[in-house]
Each structure stands twice: as structure tokens, then as C-alpha cells.
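Protein sequence lines correspond, in order, to chains Z and P. The opening residue of the first sequence carries number 4 in this note's numbering; numbering runs sequentially from there. The opening residue of the second sequence carries number 4 in this note's numbering; numbering runs sequentially from there.
The set of hints was computed from the structure by calculation and includes no laboratory data. Being a predicted model, the structure only gives us computed values, none of them experimental. Take these hints with a grain of salt, some might be off.
Identical copies go unnamed one by one, so any copy, or any two together, can satisfy a pair.
[What the hints assert, rightly or not] As a list, the in silico DSSO-like pairs of lysine-lysine whose alpha-carbon atoms are at most 27 angstroms apart:
{"no.": "1", "residue 1": "149", "residue 2": "129"}
{"no.": "2", "residue 1": "200", "residue 2": "149"}
{"no.": "3", "residue 1": "129", "residue 2": "200"}
{"no.": "4", "residue 1": "190", "residue 2": "129"}
{"no.": "5", "residue 1": "149", "residue 2": "178"}
{"no.": "6", "residue 1": "190", "residue 2": "23"}
{"no.": "7", "residue 1": "190", "residue 2": "200"}
{"no.": "8", "residue 1": "129", "residue 2": "178"}
{"no.": "9", "residue 1": "190", "residue 2": "178"}
{"no.": "10", "residue 1": "200", "residue 2": "23"}
2 protein chains.
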Amino acid sequence: MGQHCDSRPLLTPDDWATLKRSAILRDLSDTDLAALLDPRGVRSLERGHLLFQQGDPARALFLVLGGQIKLSRINPGGDEAVVHIYGAGESFAEAAMFLGGRYPVAAEAIVPSRVMSIESEALRRKVAERPEIAFAMMASMSRHLKVLVDQIERMKLLSADQRVAEFLLGLGAGKAGAVTVSLPHEKSLIAKQLGMKPATFSRAIARIRELGVEVNGNQARIGDTAALRAFVNRSAED
Amino acid sequence: MGQHCDSRPLLTPDDWATLKRSAILRDLSDTDLAALLDPRGVRSLERGHLLFQQGDPARALFLVLGGQIKLSRINPGGDEAVVHIYGAGESFAEAAMFLGGRYPVAAEAIVPSRVMSIESEALRRKVAERPEIAFAMMASMSRHLKVLVDQIERMKLLSADQRVAEFLLGLGAGKAGAVTVSLPHEKSLIAKQLGMKPATFSRAIARIRELGVEVNGNQARIGDTAALRAFVNRSAED
DNA sequence: GTTGCGGCTTGACGCAAATCAAACGCGAAA
DNA sequence: TTTCGCGTTTGATTTGCGTCAAGCCGCAAC
Chain Z
4 MGQHCDSRPL
14 LTPDDWATLK
24 RSAILRDLSD
34 TDLAALLDPR
44 GVRSLERGHL
54 LFQQGDPARA
64 LFLVLGGQIK
74 LSRINPGGDE
84 AVVHIYGAGE
94 SFAEAAMFLG
104 GRYPVAAEAI
114 VPSRVMSIES
124 EALRRKVAER
134 PEIAFAMMAS
144 MSRHLKVLVD
154 QIERMKLLSA
164 DQRVAEFLLG
174 LGAGKAGAVT
184 VSLPHEKSLI
194 AKQLGMKPAT
204 FSRAIARIRE
214 LGVEVNGNQA
224 RIGDTAALRA
234 FVNRSAED
Chain P
4 MGQHCDSRPL
14 LTPDDWATLK
24 RSAILRDLSD
34 TDLAALLDPR
44 GVRSLERGHL
54 LFQQGDPARA
64 LFLVLGGQIK
74 LSRINPGGDE
84 AVVHIYGAGE
94 SFAEAAMFLG
104 GRYPVAAEAI
114 VPSRVMSIES
124 EALRRKVAER
134 PEIAFAMMAS
144 MSRHLKVLVD
154 QIERMKLLSA
164 DQRVAEFLLG
174 LGAGKAGAVT
184 VSLPHEKSLI
194 AKQLGMKPAT
204 FSRAIARIRE
214 LGVEVNGNQA
224 RIGDTAALRA
234 FVNRSAED
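Work out the full structure, taking the sequences as your base and the hints as a guide.
What follows is the structure in C-alpha cells.
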């Protein structure tokens, strides 16, 4: 397993750097890291390629070496709910290792990507002998939990316009004043992430133009971060 | 801290039984358990009492000994999004221990409740010496992650009627045929959990009556579980 | 150049859920 | 008993978002 991958199943120095920066591995020594990682676990994925499907037996967690991996839930009718999109240095599917062995979501590369898988069993053994990995994993899962709680809050309390505004502010990474950011994916995918239709996303952008937001192609300019923040925090009844 | 609680700050035999059944502690021996738990961590809470507020420094995780604890997110405008409600034997706020030390949600007793707190530091030390606790915690966090992913999927893909139907099915715990269940909270709180208004919840129940659902007070009868399941799985376009 | 295609925008329309508000239990207290 | 308060139901109305569909733009293939 993990052998039949595409082009370059090798760990480049860049990959090593990415791995050593990742939240769940950064506390490990080079020796530990080498013991844990199996270079055969590296996989290259073309755009649109599925890493695993919803319901597949969960045998590994993954680290993104490069590209973007989309986790989503697909219901029997074929509708898709995007749970999250992970980039280089992030890990996902830690949780699946514990959940009766099935992935509850599907993972798809939305751009050409490279990921490294770590077999559950190898990891479990390593955790048993080095508890600090456990802390790192729990921290990583905690972050995922918070991301999901945030998402639920947004879905329940914010309008489509506010969700778009908040998404743009998030791209600006908390900077103040006027910011220019580039959209990380196609607009239709962002729309799905935010739980709305492409048409609604488009209209939302048109409406928040009057709050100082300009979007051209995949470049977005926020004229006044504070004003936009205020709009997001504005509650329903005023 | 933990000392100034109300009536009976003691661990009853019932409490012990609850703790030993709980997911994150069930793998521990009595000796380990005794070493980890501090009876002074037990707190009794009246209905409406806050265990902690959103933004409070996170110094402990909690186990519910009895009652119900609601985790929710409140935005600056005062609107509330209910994240989850925990009952006896469940644990929460594991994640907060790792997240820069602030609770991202508020915790409130919605009925008279008893909880046991476990100090982060004590737990961290215990985890370092007994990795199996780490596995139990990760399993627990995994379950929380799945709960949240499910919730996101429901919010994004299901109508109000379907969410209510699925909620009732969940109360029936997967039983088939005709089931009678009791609603675990006030209807207005269930509505909030499902991300809708009380009025909408009431109307949803009225509408799914024709699918064989009868609700009187806090008793709900599902006439045909399979039919209701089919309704929930029905996707938008048909 | 032309054609075709995929993603984006825009408009017209319908519907599901929110809103506002009134009325209806129903249990607790007087 | 009456009264109060709170949660629930119900009705009338508004609105936000989805749906359907047409048109637009940029781009690659021809």
C-alpha cells in the first residue's frame, strides 16, 4: 500500500522543511521523525483526484506537502457540503483513526497536490512511546474543533453577505486598514465553503461593494477593514 | 478554586460509576483514577448557572456527573448559537486546554447539574506518564469532531423540516418501526440547537405530522421510522 | 480569426424561513 | 379561585436565498 503512486514518490528537502514546520510533527527530533515517516507514504495527486472517499476504511492520517485538499460530505442525493480545505503543512484525518475506522468525509485534491500519509498503527506505536506527539495531535485536533465551531456559528448567525465579508477579512489575516488579498480558489468553491450558491456569492460581493470592497478576478481589496468588521459583528436586529 | 461550591462537593458512588463509564476515563485503573481526580473539583450548578464564559482562561476540562450542560457561542449582538448539549458521562472542553488557553464557547447548566473539573496541568502530567489516556482523549475529541461535521452537513444541506425529523430519529437511537421518545429540553432550546426559530420548529412539527409524527408536550411518537429516514435523505432536487 | 467551454454575473421569480404579533395553554403563586 | 408569567402555537407579512435561465467574459483549441 502506498507504493503505486505517480511521478516522484520522494521526500525532497522542501518536503522535510514543510513537515518540520507542521503542527503535529514540529516537536519531534530528526531521529524520531525519520523513524515515523515512510517515504513510500508520499503521494502526488492530480487536480480532482480523490485521496479517499466517505466511508473508506481509515488507515492513515495525512500531511499536506503542497497543494490543497478539500474535505467534504456528500449526501445520498449528491449535494456536497465542504467541511474544510487544507494547505501545505496542515494535517487532517487524525480523528478518523479513532472513529470506528471509517472516514466520515471525502478528501479531494482541488489543485495538483502532494501529501504524505502516516499509517495509524505506526503512529499509535510512536505516540505510546513519545507522549509529546499525543499533545501535538490533540492540539491539532483542537484547532480543527475550533474551526468547525466557528463555521457552525457563522452558518447559524450570519447572513450570506456577512459570511462573505468575514471570509475576506480572514484572508487578510487580521491586518488593519486597507488590504489587498487574492482569493485562494474559484469563487464557486468559496461559495460552497460558505454554504451558499455561486449566484448568491456573486450578489453578496456586489452588495458589500458599498462597504469599500472591490473584487476583480481573484484579487480583492478591502478599503476599510474596521468598517467591514463592524458589518460582520452587526447582529440581526439592527 | 473549586472549593467554594454549593451543597455536596462529594463524589458519590454513583459519580464513580459515571466516571468509570465515561469515554475518556474508562481505560484507567482505580488507582490511576484516584490519582487523577480531585474531589474538590466537583461542582453543583443550578439551572442557568454559567460554568465558564466565552473568553475565560481555560484551566480545566469537565465531566458531566449529572444534568445537562449547554455549550454555546454568543456574538456581540447577543444572538446565540448552540454548539452542543452534553449529558451525564460526557466530557467537554478537552480542546480548550490546547487552544491558547481561552474557552471559545460558554458553558451553562440548563437543568440542575453536577460536573467534575480536571485541571489541565494534572491531566497533562498524567497523560505524559500514561499514554492510554491520550488515546481516550483523542477518541473523545474525534467524536466531538464528527458531531460537529454532522451538524455542519445538516445546516448546509437539510431543510428545517428535515433537521427536525433527523433530530427525532436521533432521539430514537436508531431503533426501527414505531418509537416513542421524550424531548430532552424545551422546544425553544431544541430549535436553537437545530439553528431555527421556535416558531419554525413548531411549524415543522405540524408539517411532518403527515409523515406519521405526533408530538404532545414533550412526548413524540414516530409512526414509521423508515419513512421518516427516507424523508431526511431526500435531496433538494426531488 | 471562430468556435466552444467553463466560470462568473445578472435578472425574474418562487419558496422557505424569519419577523411581528396575537392568542393560547398551563403550571406556580396569591 | 384568579392572576401572572412563560413557553408554545398560529396567523399575516416580509425577506433572504435558491432556482432557472440568459448573457458575458476570458481562454484554449482549431
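Which earlier hints can't be squared with this structure? 3, 4, 6, 8 and 10
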